[in-house]
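Here the protein sequences line up with chains A and B, keeping their order.
Counting from 1, one number per residue, gives the positions in the first sequence under the numbering used here.
Counting from 1, one number per residue, gives the positions in the second sequence under the numbering used here.
Because the hints were derived from the structure by calculation, they are not lab data.
Just so it is clear, CB atoms sit at the ideal spot from N, CA and C, and this is done for glycine as well.
Treat the hints with care, since some could be wrong.
[Said to hold, decoys possible] DEER-style ranges, computed between Cβ atoms: (1) B/VAL225 - A/ALA97: 34 to 44 Å; (2) A/THR193 - B/GLY38: 41 to 51 Å; (3) B/ALA58 - A/GLY207: 41 to 51 Å; (4) A/ALA59 - B/HIS176: 25 to 35 Å; (5) B/VAL225 - A/SER60: 33 to 43 Å; (6) B/ARG234 - A/THR193: 43 to 53 Å; (7) B/GLU102 - A/ALA55: 30 to 40 Å; (8) A/SER2 - B/ASP273: 35 to 45 Å; (9) B/ARG71 - A/GLY90: 31 to 41 Å; (10) A/GLY119 - B/GLY75: 16 to 26 Å; (11) A/GLN98 - B/GLY105: 54 to 64 Å; (12) A/SER60 - B/GLU2: 42 to 52 Å; (13) B/HIS176 - A/SER2: 57 to 67 Å; (14) B/VAL225 - A/ARG87: 22 to 32 Å.
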Amino acid sequence: MSPRRFVVTGATGHMGRSVVHALAGLGDVVAASRSGALPEPPYGETRRGNVRPLALDVASETSVAALKAELGPDVALVHLAGWHPPRTAGTGPAERAQLLATNVLGTLRVLEAARRSAGAPGVACVVYASTFEVYGIPEGSEPVLETDRLNPVTDYGATKLSGEDHLLAYAYEEQTRVVALRLPAIYGPGEITARALPNFLRSVSRGERPTISGTGADLRDQIHVRDAATAVACAVAAEASGIFNVADGERHSILSLAEAAMQVAGMSGEPERLPSDRPSYAFHMSIEQARQKLGFAPRVALVDGMREQLAWLRQQPPS
Amino acid sequence: MEQRILVTGSQGFVGKHLRAALSARGIGMLGADVPGSGAELPVDLASPEFDAPALARATGPVHGVIHLAARITRGSSVDAQARTNLVTIADAPLRIWEAYHEAHGATHLVYCSTFKTYGPASVQPIDPEKPPQRPDPHSYGSAKALAERLLRIAATRLGSGFAVVRPTCIYGPGQHLHNAIPVFLRACLDGKSPTVFGNGQARRDDVLASDLAYCLLEASLRRTVGAFHAGGERGRSILEVAELCCRAAERLGGPTGLKPVLDAGRPPKWWLDQSFDISSTKRALDYVPTPLLEGLVQEAEWISAGAQPETSIAHAPVRSR
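Here chain B stands alone, though its shape is the one from the complex (with noise of 0.2 Å):
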């Protein structure tokens, strides 16, 4: 039988790059994403109809199951955006997994979670496999982190496993524009400084988009169980990122010497200076990071080529091992 794996959210940011390595490997793809998204399986998992086992018998035994679906919200964190997202983040990923036990016997879930279900206060580095205590205080963080809990205890109840894979901030062809690096990106190549809020003494952490699709699809090919960090090669100052988005613009033959500019009259926007222990992904999921500066140049030509969502993959080589 060809190996399929159901994948929600399947037409955002990550699905996209998560297609393409699937397509690369020769496995079937069935793309859950809500009505007039082009997905395979049109289904608004936040709707009170979402009928998860009418899923599992329409779709039959997949290898696996891939989690995305979830909106970042930026508003509030209790209002009905908040509380729609959450059904999606929260309560679908464990209707879905447990439909398929009920209708095709033991399957792996993977569940695409974030790096915002540690707040500020964590041990650094972080270590994935300590369950994350209190989340970023906002409604996207603290959705996942219920949604972890509470597939841990399914698990338990199912006698099955899952794998978590934490997300730091993931870039790359194909991100909204108002991200950090797109508008440093867009600056450098428009010839201008990229301006970096604060001292840009902040530390972060950046996972290329086709990196976290690929410790995603090996997790799932693995059946992989515990939780894992999908993060960059290493954590960087914001004014080093913005640094790397200037040479990545010379790459492509834009401005040579441009130097970000700091604007220490505007605070930075709330950060959580963390940094990510990244080499359980190494050990299991025989896991590479690509470089900054590769990704970066990735992305940089994607936005100079007009950054339409559906030509993101074309700048995005498939990550193999």
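Next comes chain A alone, as it looks inside the complex (with noise of 0.2 Å):
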């Protein structure tokens, strides 16, 4: 039976919103956040009752006491926290380190205190959301499967593939259900770091054209978040364990993204371009396995999910 008590890390995060908003659908949500605040509906949704906020900082040993006494063997615990940096290409030292403290010390405790949970199994599955940096630079042009090589180039992904390395390692001393999620750039409102989508999104709001470097041919896979969310849903619902790539299943290109912008604020013309040294890879996903052992569907057109995140970015106060 699928399980109707819910443990979420990293719940007040862009994911963890949309991440409670759809377990609180289904039972009982713990929602563990670094402020204990409870976490805000997502975009456009009324916040449902059933959601009880828990402060817990992941980065100190006391979160693994902390969190054991929510756990049991009826609870699906879903590990979101970590932490990404400003931008995760050529992170230094200083990123490092809290990337090791969060992303990868962050899981251990998380994964002890299931393993320290009175019950046996400590929690009913551990879903843990993994990134597409582990894989690096893809070898060929093939869609990048989950058997194929990881070799992450970022300290980010490095410390999200050790996570999963313990995940693993846990599930296997453990006997206990684990799936990890490799997950893209996740978009939809909210969104705020600095990458293709939003920042195209941020220039049509603005009136501007948005800037593409290089010809933008480059393919990069990009998910809504509120599919992110059906996906975790998917994977505490599925017997399934093990890892499974998720995205919305399309190729995009750079530039694809970046006309698709212009297009959700209804303006003409073509994006700026402006030249580019950086070297030129695609990435794209094969999410198969995701729709067929977690049943997994995703439902947002790239356009329906741009027009909504420009629905709310309008409401934003001007930065």
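Starting from the two chains in their separate frames, assemble the complex, guided by the hints.
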């Protein structure tokens, strides 16, 4: 039977808010975050009543006991808490220290809480948010499979991959079902990071044409935050264990993202182009495994999701 | 200036063999290990107070750094001990390497990793230059895999090179007596047949600790860049290894004609049935592995002399080219 109690770490983050909302439609949710605040409902949604906040800093040793007290054999533990540096490329020792403390040691603490939880098993399952960055730069041009080479080129990707390694060690030792979801860039209302899609929407919301570097031919996967939350709900309900690519399944070039931003803003013409000497590569994951074994089906089409994000963006106070 | 190499984990099993190898070459060793271990530099690399820049200032410039420090934990992969060990294995070497770069300019690093960075599904024989994918499902191999990945990223940032040496199962005088080879040898020396679990056909590869020390030291002295296996002559079935343990005990005047017995009722431990390509180690480091029987005789001598850790080096001739 699918779990009816959920504990979510990183619950106030962009993805966390949507995950908490989706799971609260299925059962009671403990929403753990460093601040201990009650997560805001996603844009356009109404708060669900069965969500209880919990202050939890996975970078602190005290988090093990605090989290353990919330767990049990009927609980699905959804571990989203992690640190994402403002830019993932070219991080230095200071960022690496924070990535190790949160993404690696934090994940070990969360898993230890599950291990020490009184039940047998300690929890019903663990769902872990991983990243496409575990792959690094793909070797070929075929859609990337879960079994393809892992060669992270960022500290973020390396620390998230270590979380996967320890998740699998935990699953082996504790005989507990685990699912790691390798997610691409997540967009949708609430997304504030500095990367292609939100940058393009910020430009068009100011009435400016988006700017792309180079040809814009590089492929980059996307997923709407609501679909990311759906993937978590599928992982919780499924019987499968293992690692799954999750994305919207479409091929998106950087140029097509810029054009979509102009389309949803009703702008005509072409994006601005700047020369680029950055290495060019295509990244696109196959999501067949998630479709087949988790029953995951993405629902949000890119232009619809971007239109929604632009509407949200226009309601934000100017920065 | 006298040539000196910083060695973390200097007081451990491999560290002792490395010290002997350095001493034989007239190279100074700056050993860093936990307080109370007798190391020149008493530091706890897992402590939040560990200050890598202070270590780099205290030693001055060195020829290179060899990172061995790690514990082989056998408990849970996610408990407090695993977390502490992960800091020693995957955080400390990066901080030390960066601190030496900052204080003294480009400094070569040799990172002692493990064959447990390879999970069970790897293609055989394993090419060391292909980055390990999924480690053995335990914290030890997982932490070393993380260290290797972070070092590759840091190397690009520092514009500097490093060597990874991945030993197979390390044996030899001074090793932990709970492991398979010393258990076999002790049985043979006591006149008993060694017991092999399962059908004995799982392959294993054993590297003598002094051979590993040779590889680590040569990689440092030559400032080698890349990933290398420190392995034995070839992989052998565990039954074959047990038979060679019987022959090693015989050489020391033990009982003749002993043969291993199989205990099919007890499943073999989790085992990675793997073989390792050591051709690049032979080429780059002029490495010639010690024949397994010869290494087993060294270890049998050490065990029959009382198996004291401090006497291990006396039973292990230093490897040289």
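The hints, checked one at a time:
{"no.": "1", "hint": "B/VAL225 - A/ALA97: 34 to 44 Å", "in the structure": "violated, 26 Å"}
{"no.": "2", "hint": "A/THR193 - B/GLY38: 41 to 51 Å", "in the structure": "holds, 50 Å"}
{"no.": "3", "hint": "B/ALA58 - A/GLY207: 41 to 51 Å", "in the structure": "violated, 59 Å"}
{"no.": "4", "hint": "A/ALA59 - B/HIS176: 25 to 35 Å", "in the structure": "holds, 34 Å"}
{"no.": "5", "hint": "B/VAL225 - A/SER60: 33 to 43 Å", "in the structure": "holds, 39 Å"}
{"no.": "6", "hint": "B/ARG234 - A/THR193: 43 to 53 Å", "in the structure": "holds, 51 Å"}
{"no.": "7", "hint": "B/GLU102 - A/ALA55: 30 to 40 Å", "in the structure": "holds, 37 Å"}
{"no.": "8", "hint": "A/SER2 - B/ASP273: 35 to 45 Å", "in the structure": "holds, 38 Å"}
{"no.": "9", "hint": "B/ARG71 - A/GLY90: 31 to 41 Å", "in the structure": "holds, 33 Å"}
{"no.": "10", "hint": "A/GLY119 - B/GLY75: 16 to 26 Å", "in the structure": "holds, 20 Å"}
{"no.": "11", "hint": "A/GLN98 - B/GLY105: 54 to 64 Å", "in the structure": "violated, 27 Å"}
{"no.": "12", "hint": "A/SER60 - B/GLU2: 42 to 52 Å", "in the structure": "holds, 45 Å"}
{"no.": "13", "hint": "B/HIS176 - A/SER2: 57 to 67 Å", "in the structure": "violated, 45 Å"}
{"no.": "14", "hint": "B/VAL225 - A/ARG87: 22 to 32 Å", "in the structure": "holds, 28 Å"}
The structure fails hints 1, 3, 11 and 13 (numbered hints given earlier, in ascending order).
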